Amino acid sequence: MQTLRLKRDWIYGWLLLLPALVFLFAFTHIPAVTTLLNSFFSTPRGRRPAKFIGLENYERMLNDAVFWKVLWNNLWFAIGTIPVSVALAIVMALWVNDKLAGRSFVRMAYFTPTVLPLIAVANIWLFFYTPGFGLFDQITGFLFGWPASNYLGNPETALNAIIVVTVWKEAGFFMIFYLAALQAIPISLKEAAQIEGAGRWTIFWRITFPLLMPTTLFVCVNAVINSFRLVDHIFILTDGGPDNASALLLFYIYEVAFRFWETAYGATLTVALLVLLSLLAIGQFFFFDRKVHYK
Amino acid sequence: MLKSTFLKAVAATALTFSTWASAQAVDLQFYFPVAVGGKAADTIQELTAEYVAQNPDVNIDAVYAGSYQDTVAKAITASRGGNPPQLSVILSVDMYTLIDEDLIVPFDDYLTTEEDKKWLEGFYPAFMENSQTGGKTYGIPFQRSTPVLYWNKDAFKDAGLDPEVAPETWEEMVEFGKKLTKKDASGNATQWGVRIPSSGFPYWLFQGLAIANGAELVNAEGNKTNFDDPKVVEALQYLVDLSTKHEVMAPGIIEWGATPKAFFEGQTAMMWTSTGNLTNVRDNAPFDFGVAMLPAKVTRGAPTGGGNFYLFKGASDEQNKAAVEFVQWITAPEQSAKWTIATGYVAPRAETWETEEMKAYTADFAPALVARDQLEFAKAELSTYQNQRVTGLFNDALAAVITGQKDAETALKEAQAQADEILAEYR
Amino acid sequence: MTRASDMFDRFLNTFAAWALALLWILPLAYAVWTAIHPSAYEANFDLFAPLTTENFVKAWQAAPFHRYFLNTFILVTMILAGQFLLCTLAAFAFARFEFPGRNVLFALVLLQLLVMPDILMVENYQTMRLLNLVDTIPAIALPYIASGFGIFLLRQTFMTIPKELDEAARIEGASVLGVLWKVYIPLAKPTYLAYGLVSVSHHWNNFLWPLIVTNSVETRPVTVGLSVFSAIDSGIEWSVINAATLMTSGPLLIAFLLFQRQFVQSFMRAGIK
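Protein chains in written order, with this note's numbering: chain G, 1 to 295; chain Z, 296 to 722; chain W, 723 to 995.
Please keep in mind that the hints were generated in silico from the structure rather than gathered at the bench.
The structure presented is a predicted model; accordingly, all values stated were derived computationally and were not measured.
There may be inaccurate statements among the hints.
Said to hold, decoys possible - DMTMM-like cross-link-like pairs, simulated, lysine to aspartate or glutamate; straight-line CA separation at most 25 Å:
1. Lys431/Z x Asp453/Z
2. Lys448/Z x Asp9/G
3. Lys904/W x Asp239/G
4. Lys904/W x Glu889/W
5. Lys701/Z x Asp9/G
6. Lys51/G x Glu410/Z
7. Lys413/Z x Glu424/Z
8. Lys780/W x Glu424/Z
9. Lys448/Z x Asp668/Z
10. Lys99/G x Glu776/W
11. Lys708/Z x Asp9/G
12. Lys608/Z x Glu516/Z
13. Lys708/Z x Asp64/G
14. Lys780/W x Asp337/Z
15. Lys616/Z x Glu410/Z
16. Lys608/Z x Glu470/Z
17. Lys51/G x Glu716/Z
Could you build all of it, start to finish, from the sequences and the hints given here?
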């Protein structure tokens, strides 16, 4: 009887999973494997079919200055976006969770970037950054008499300008998760601490922040993935320029595969991205598993 | 016995089908991109509908495929999927890519009569440069443009310059620019002399300098670039000097899309941009403006730009013939004039400019003539095999020099070496 | 702590919160400003600038936005329906059934949280070409339908549902799918709402994959339509582009404004924290 029940469970389990697995394998797992395979072949062109070329694509990648540049950019992009947007999200959530005058407007303001398409707001930011008559230059010129700044056209600032837009886009989304978590913290904990004479700062670091830890980890995982995925605004703001100063890995993959039509080299770059992600995945999965109990 | 009956049946069926097919209208699918605002897409649809109404034996499905980038992507995927369009407008610079992908056929097989050959000669030679290679014609010019210099007459007056005279040479542009550049008390520029945008595709406007300096960036076969030619280095140095040495242009990469707005806002007294902006500037500039040819160095010079008609592989002879006839019709003076007036593209045939409509249009709006007159000095837009990659390298080199990360000679040498590596297999 | 310093503290916090809020809403405010004024006021902020609706008319006429809207609507509906169906079944399997390979398969599902379909665009594009689906709306939707995030989220929710409810329903003779339908799904409503909102706003705004896989008016969603519309050779007309931006994100913005409270609460109740 027991084994019969188990057998039936097996069949139900598999059948219920089947549709999702078909799609998961078709568009995630199998493509990941074929990406690897294709990276050992040359790009087929109209007059020349693909042929096996071993590690040639990888050799090219290692010698590709642009690849190293975008990799480095992506690292900087991650360092620039993740801590700032997570910290801002916590601060926003704390404020909005408080009894603040005009709370619903403030909450709406923080959240709007999430519902606006990045590709569309990029045009607005393009105006903000425009030298001379752009909004930022008008403000800094008026207040401090600064000269026009070419934020997007200067390799030192282009990536930072992209980072600012990304932080703006992400912080409000992460805030929602923190807001949900904050409201689940029993108010009695805070009151008990206050009776013992703890200040706001102490309460935050000793009570609130540790209790937000699972959320922080969840949000961080998302932020890490996004730092490899969010490239929409680059198309409008800089198109990766000047001289690839603001190109990220995924943007470069797009460029290689769909502008240069070099799909094999695009596959090779994708493998690099997958390796990078799996390293992060392994690291995070263990971290995630130990700290957060999602049972 | 059985076999021969079967074959007869097959033959009979085939015969029925072919007679049936010839009685039917020829179906053509035609992709077109739109790269300027306004009524471009509507105009193409209207013209196509007019042609179909006049020619009941042809049926044309005109598909608006988006940007140039979209259109070429769509054409490539459709062809690979075995369903190519018969006709498409695609950037003239994509010619080598399309040949390399084995997607297009030359027009020559369908232009056999004397009359046809004469028709082909009716296009401005500057436009034919990146429409022909290896003695064959792969592209027929249609939506073509060229960059020109726009100037703000009010700003010229304020600076004590003759508002009716644009700079003729590189030296004059610097000289005028110095007079036109205004700075406030703290030394910040409130108005620059000139603006040559360098975002996205800096190579195009840079060609206006390189050609004027007598340089050719690429050979006619599209497989050998001359990026490190001293004349190119000199042209690039001049571009950088405009910002660093002469201080008549804003430093760093200058955004293409924001350029007309900067001109309207008085941020710059002169700008270089496409003739595709004529209508935009006419509608929005709050001051009198002029349009002139790009200034000269050893010669006048400018690149051409824009899209050509291409015939795709996989079509039947009949379809190709019908497609060529349609192309001949739509580039004929009357239609071409309509198209030019609606969009601001440069009419690619001299005879179009002789029509009553065009005469009326240019009498009312003389700047439109500048682009035509400049064609005499214009050269092909930079185009090679693996075009996107090679021009991408060149763009990166230009950006690196403009932003002061590399000097002109080093950057161009590096770009040349990389381009050589890519193009070696095509020689 | 004294009352005065407490007040001061409160004031500072409110001030900072508002300052940040104003900063955050600035792009939207600017979009509204340019969209309702003539283009000459794109960079001049004059309180008495004349108002106009011309930009909206211009944008609406300049591109087939009605078609783009329809495409996006079909797209997000298709994705949402597919996700709900597939993720529910899979999550149910993971939450309530013991079967060999469960842990390995769950790990494979979680893998998709990291390796999102966008990252595999080169291969997925080849797949779509093989399936002859390039330039169709299903091609945009298919890679997202089996969502690792959705499966994970629903599994978490299903696991919080007491087994007793499940068993009671079975005793009453409900089938496996019947239990899922009558017990699990109704109790997981907040999760569905929260996940649905995230999914809809994500796919409404998604750009890169649709850009690659579509190339005609009949399939393009609003984001790609908007980029085609703004990427023209002549200069950027912010007033018209921003009018278009407001139109394209309008439905989502209004929905959010109306359902703000429910939105946040459904997140909380869904236990996404």
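Results of checking the hints against the structure:
For the given pair, Lys431/Z sits about 52 Å from Asp453/Z by alpha-carbon distance, which is inconsistent with the 25 Å threshold. Of the pairs offered as hints, the one joining Lys448/Z and Asp9/G is violated, with about 83 Å between alpha carbons and a cut-off of 25 Å exceeded. Restraint check for Lys904/W and Asp239/G: not satisfied, since their Cα atoms lie roughly 51 Å apart, outside the 25 Å limit. Between Lys904/W and Glu889/W the alpha-carbon distance is near 12 Å, which keeps this suggested pair within the 25 Å criterion.
Proposed proximity of Lys701/Z and Asp9/G is contradicted: the alpha carbons are some 67 Å apart, above 25 Å. Annotation: proposed proximity of Lys51/G to Glu410/Z is violated, straight-line Cα distance about 46 Å (limit 25 Å). About 17 Å separates the Cα atoms of Lys413/Z and Glu424/Z, which keeps this hinted pair within 25 Å; it holds. A threshold of 25 Å between alpha carbons decides the hint, and for Lys780/W with Glu424/Z the separation of about 37 Å lies outside it, so the pair is violated.
Under the criterion of a C-alpha separation no larger than 25 Å, the hint pairing Lys448/Z with Asp668/Z is consistent with the structure, at around 21 Å. Pair hint Lys99/G plus Glu776/W does not hold up; C-alpha atoms about 42 Å apart against a cutoff of 25 Å. Restraint check for Lys708/Z and Asp9/G: the C-alpha separation of about 68 Å exceeds 25 Å, so the hint is violated. Restraint check for Lys608/Z and Glu516/Z: satisfied, since their Cα atoms lie roughly 21 Å apart, inside the 25 Å limit.
Proposed proximity of Lys708/Z and Asp64/G is supported: the alpha carbons are some 17 Å apart, at most 25 Å. For the proposed pair Lys780/W and Asp337/Z, the alpha carbon gap of about 14 Å is at most 25 Å, so the pair holds. Among the hinted pairs, Lys616/Z with Glu410/Z is consistent with the structure: their alpha-carbon atoms are about 15 Å apart, no more than 25 Å. The suggested pairing of Lys608/Z with Glu470/Z is violated, with an alpha-carbon distance near 53 Å, which exceeds 25 Å.
With a C-alpha separation of about 19 Å, the suggested pair Lys51/G and Glu716/Z falls inside the 25 Å cut-off, and the hint holds.
Checked against the numbered hints above, the structure violates hints 1, 2, 3, 5, 6, 8, 10, 11, 16; every other hint is satisfied.
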